[in-house]
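Novice: Sequence:
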Amino acid sequence: MNIIVQSIRFDADRKLIKFIQKKVNKLDLFFDQIIDGECYLKLENVEDEANKITEFKLNIPGSQLFAKAQAKSFEEATDLAVESLRRQINKHKTKTRTKASNHKALLSLIDERVA
Numbered sequence: 006m007n008i009i010v011q012s013i014r015f016d017a018d019r020k021l022i023k024f025i026q027k028k029v030n031k032l033d034l035f036f037d038q039i040i041d042g043e044c045y046l047k048l049e050n051v052e053d054e055a056n057k058i059t060e061f062k063l064n065i066p067g068s069q070l071f072a073k074a075q076a077k078s079f080e081e082a083t084d085l086a087v088e089s090l091r092r093q094i095n096k097h098k099t100k101t102r103t104k105a106s107n108h109k110a111l112l113s114l115i116d117e118r119v120a
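When you line the sequence shown up against the working numbering, it's residues 6 to 120, in that order.
Careful: at least some of the hints might be erroneous.
Stated by the list, open to error - Cross-link-like lysine to aspartate or glutamate pairs, in silico, EDC-like; alpha carbons within 20 angstroms at most:
(1) K73 / E88
(2) K98 / E88
(3) K104 / E88
These are calculated hints, taken from the structure and not from any lab test.
With the hints as constraints, model all of the structure from the sequences given.
Specialist: What follows is the structure, given as structure tokens:
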């Protein structure tokens with residue numbers, strides 16, 4: 006999957022970008038129809054230690070998934086955001102399967118009435 010990583014207010018090193026790419030590629034195990042994605046890494050100017058924010062936008066057929074996490078490190082924020090995306094993917098798959106099975110049930114009822 007193609008993901009674009011953009012760091013805001015700092016320069017991300019290659020190690021962090023590879024870590025993010027590796028984590029996002031694991032989402033392909035759950036849903037293989039992910040088109041592409043964007044990752045935004047931000048540093049907030051606050052007193053709190055948890056000033057690192059990771060945001061993801063994933064494009065899937067017919068929808069877009071978004072997750073945002075804030076933590077003490079970008080790796081931790083990435084883990085939290087990817088886990089959120091995994092839950093959203095599972096929810097999306099459940100909804101589409103339910104719609105498809107309801108559609109099949111309606112078609113079989115119509116076929117029975119016609120015959």
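Novice: In ascending order, which of the hints set out earlier in this document are inconsistent with the structure?
Specialist: Hint check: 3 fails alone, others pass.
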